[in-house]
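Asks: Keeping their order, the protein sequence lines are chains A and B.
Going by our numbering, 16 is the number at position 16 of the first sequence; the sequence numbering is gapless.
Going by our numbering, 74 is the number at position 74 of the second sequence; the sequence numbering is gapless.
If you are wondering where the hints come from, they were derived from the structure by calculation, not from laboratory data.
Think of the CB as a built atom: it goes at the ideal place given N, C-alpha and C, for glycine as much as any other residue.
A few of these clues could be false.
Said to hold, decoys possible - Taking lysine to aspartate or glutamate pairs in the DMTMM-like style, the calculated list, with each CA pair at most 25 angstroms apart, reads:
1) A:Lys29 x B:Glu36
2) A:Lys102 x A:Glu169
3) A:Lys142 x B:Asp33
What the hints assert, rightly or not - What the simulated footprint calls covered on chain A by chain B, stretch by stretch (three residues with Cβ under 8 angstroms from a Cβ of chain B suffice, anywhere in the stretch; the number is not a length):
4) 47-56
5) 147-155
6) 181-191
7) 194-203
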Amino acid sequence: MSPGASGTEPPDRPALSTESTASLLNRLKAGESAARDILLSRYLLPLRKWAHGRLPAQARDLMDTDDLVQDTVLRTLRQLDGLLADGDGVFLAYMRQTLLNKIKDQIRHLRRQPGRGPLLDTYPDGNPSPLQFAVGEETLMKYDKAMLALPQHQQEAIMLRVEMGFSYEEIARFLGCPSANAARMLVARTLLRLATAMKVADGKPG
Amino acid sequence: MENQDDSAALLKVAEAVSDGKPVDWESAQSLHDESEAELAHLQALEVVAAAHRSARLKEPPLTVTDTAASGRRSIKTIRGWVILGLALVALYLILQLLWRS
C-alpha cells in the first residue's frame, strides 16, 4: 500500500519496534541477539522484495534470491564493527550496495554456465529485470550512480521510502528523525538532491 | 526571489513524487523553465518510484515467519523425515533378518 498519499497507510508488514536502526545495531554489538531479530523482521522482507525487482526473471528461476538476501543480511550483521565505525544508520545503504554487487556477480556467474544461449550485452543475462524494463536501463544506471553520490543517510531515506515503501512514521523511527513530517521533508529534499545529481551525471552544472 | 520560488516549487514537486501523487509536469515545466533539467529528472524519479511500487505489489506476499527462523524449522523438519525414513528401513531390515532366522 505505502508509499501512499499520506504516507500513513499500514504497510504489509508487522508492527515494528520503535527503536532506530543505529540503536539496534549498537545493541546487537553489545551482544543482544534480540536486536538482530528486530532488524531481520524490519528489513529482511522488504530487502527480498527489493532484490526480486532487481533480478531478471530468467536469473530468478536459477538462483534463490531469498537465500542470497538472507545470507547477505546475516553476514553483514556479523561484521558490525565496520558498519558502526561508518556512523549512524548506514546499514541499508551498505546492504543496498552489497546486494547490488552480489546480484551482478550471480548474473555474471549464470552467464558463464555452459549450455546457455547467446546473451545480449545490455542486460547481463539477456533479459531486463522488472525495474530495468519499467524504468529503462539508462535511467536506472543514472539513478544508481546518483544514489552513490549522496551521503549514506540520504541514500537510506530514499531507499526506505522510494524503493521499499515504508511510511514516513516508520522512516522517522528508523532514522531517528523527530517526526513523520521531518522524515517527509528529508525524503523530499533528498529527492531534489538526487535529481540534481542526475543532472550533473548528464554533464550539466548542478 | 524567483530562485526561492523555484526551489519551493521544486520541493513541492519532490514531495508529490515521494507521496506517489500525480504531478502536472507540463504545467510545472511551463511555470519554472529555469528548472527544466531538475524537473525532467524528478519526472524520471517518479517513474523509478512507480516501478518500485509496482514491483513490490507484483511480488507474492511473504510472511514474517518466512525468515531465518522458518529456514531453521524447514531444516529440522527435513532432518526429522530423514531420521524417520532411516529408522523404518532399519526396522524393515531387522524384521527381515528375524524372519529368515
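Asks: Can you take a look at whether the stretch 47-56 of chain A is actually covered by chain B? Rule is 3+ residues, C-beta closer than 8 angstroms.
Replies: holds (count 5)
Asks: Would the hint linking Lys142 of chain A and Asp33 of chain B be met if the CA-CA limit is 25 angstroms?
Replies: Measuring from Cα to Cα gives roughly 23 angstroms; hence the hint holds.
Asks: Okay, the stretch 147-155 of chain A and chain B, do three or more residues pass the C-beta test at under 8 angstroms?
Replies: With 0 residues close enough to chain B, the hint is violated.
Asks: Please check whether the stretch 194-203 of chain A has three or more residues whose CB lies within less than 8 angstroms of a CB on chain B.
Replies: With 6 residues closer than 8 angstroms to chain B, the stretch 194-203 of chain A meets the three-residue bar; holds.
Asks: Please work out if Lys102 of chain A and Glu169 of chain A have their alpha carbons no farther apart than 25 angstroms.
Replies: Roughly 31 angstroms separates the two Cα atoms, so the pair is violated.
Asks: Holds or violated: Lys29 of chain A with Glu36 of chain B, Cα cutoff 25 angstroms?
Replies: 47 angstroms, violated
Asks: Test coverage of the stretch 181-191 of chain A by chain B using CB-CB distances below 8 angstroms; three residues minimum.
Replies: That given contact holds, which follows from 5 residues of the stretch 181-191 of chain A lying within Cβ reach (below 8 angstroms) of chain B.
Checked against the numbered hints given earlier, the structure breaks hints 1, 2 and 5 and satisfies all the rest.
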